[in-house]
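Model the full structure from these sequences, guided by the hints.
Those letters in the sequence shown? Residues -15 to -1, 1 to 326, per mature numbering (1 follows the signal peptide of the UniProt record, and there is no 0), in order.
Don't read these hints as lab results, they were simulated from the structure. All C-beta atoms in this analysis are idealised placements derived from N, C-alpha and C, irrespective of residue type, glycine included. One or more of the hints may lead you astray.
[Claimed, not checked] Capping the alpha-carbon separation at 25 angstroms, the derived lysine to aspartate or glutamate pairs in DMTMM-like fashion look like this:
hint	residue 1	residue 2
1	Lys122	Glu65
2	Lys117	Asp90
3	Lys180	Glu95
[Said to hold, decoys possible] Beta-carbon label-pair distances, calculated as ranges:
hint	residue 1	residue 2	range
4	Lys323	Thr234	20 to 28 angstroms
5	Lys323	Ile142	43 to 51 angstroms
6	Lys291	Gln138	46 to 54 angstroms
7	Glu320	Lys178	17 to 25 angstroms
8	Lys291	Thr234	20 to 28 angstroms
9	Thr287	Tyr115	51 to 59 angstroms
10	His106	Lys209	28 to 36 angstroms
11	Lys209	Asn254	41 to 49 angstroms
12	Glu57	Lys290	49 to 57 angstroms
13	Lys291	Ala181	28 to 36 angstroms
14	Ala120	Glu320	40 to 48 angstroms
15	Ser246	Lys290	18 to 26 angstroms
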Amino acid sequence: MKKSLIALFTVAALAACGQQQNQQKPADNPPPPAASGEHAAKPQGDKPDDKPLKPHDNIQGEVIKVKTARGEFPVPKNPERIAVYDFGMIDTLAALGVNIGATVDNTRLEYIKPVVEKAEHVGTLFEPNYEKLNAFKPQLIITGSRANKAIHQLNEIAPTIEMTADTKDMLNSAKERIDAFAQIFGKQAEADKLKADIDKAFADAKAAAQGKGTGLVLIVNGGKLSAQSPKSRLGGWLHQDIGIAPVDTAMKEGSHGMPASFEYVKEKNPDWLFVLDRGAAIGEEGQAAKDVLNNPLIAETTAWKKGQVVYLDSGVYVAAGGARQLVTAANQVTEAMKNAK
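If you want it as structure tokens, here you go:
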């Protein structure tokens, strides 16, 4: 009996110890908390769908083939009724003068609000309203990565193309999408002007950034920091296309960036901080990025001392690859660099 009691107490003690260790052990790379609405960064929306998208072979009228994120696909030429489930593509299409008949229920991006408000509302990026979409009778549906979970069901309603910009080569990929839309809607002159505007904005930013030091891109979310590598959605266009030298070339980045501490930022000591306030971008309540970064460790960095902290427009996160978003982002960099002390 005494041996049984001793064994029982031993098991209980070991279980309690294991439970305490599990509670104290931090997650290796915790993802940002999920958000509600169109802008929520749900993992299934950003991951590619391995199932091939079936091309339509019964499209009425003239048919052309265009380059998409999933290869070449046949689409109707000059479709009159289009539905769009991607903020970056709404941005580009509107800039080209294409009429968007149906899209998501709402947006926080002021510069595309008029387009969204005018269109028929057919659900969210992650949850299309199939009843309303069917009633709209689209001739073409355009999606981005956040609608990946729904793309096959959307494709049953009308020819559907995914036009996500390649985040590893954002600038060239965005211009490829512009050319594809020019083919579909007969907007080559508008497309050429739009691409020229983007090229000029990036050339100006690159010239302004020359010799201005190193940079670090951070996402601030829920009081936590994640550093973005030179090949990430937010780091790529800044480091590769504009040419700002990364302060950390050996960054190990996970699916949401590399979890970073204030000590890490102080140690790396970038000349510039480029900050995306994710909570503000997707409409979540919480501590603002400016308040999170306002602490003694960040205050010791060159970027903070010189006032070289750039709070990126939320469009770089929720409308990545959009034509006007790219110009806005590049102009932000140019202005900041020209005002450098």
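- Where does the structure disagree with the numbered hints, that is, which hint numbers, in rising order? 11
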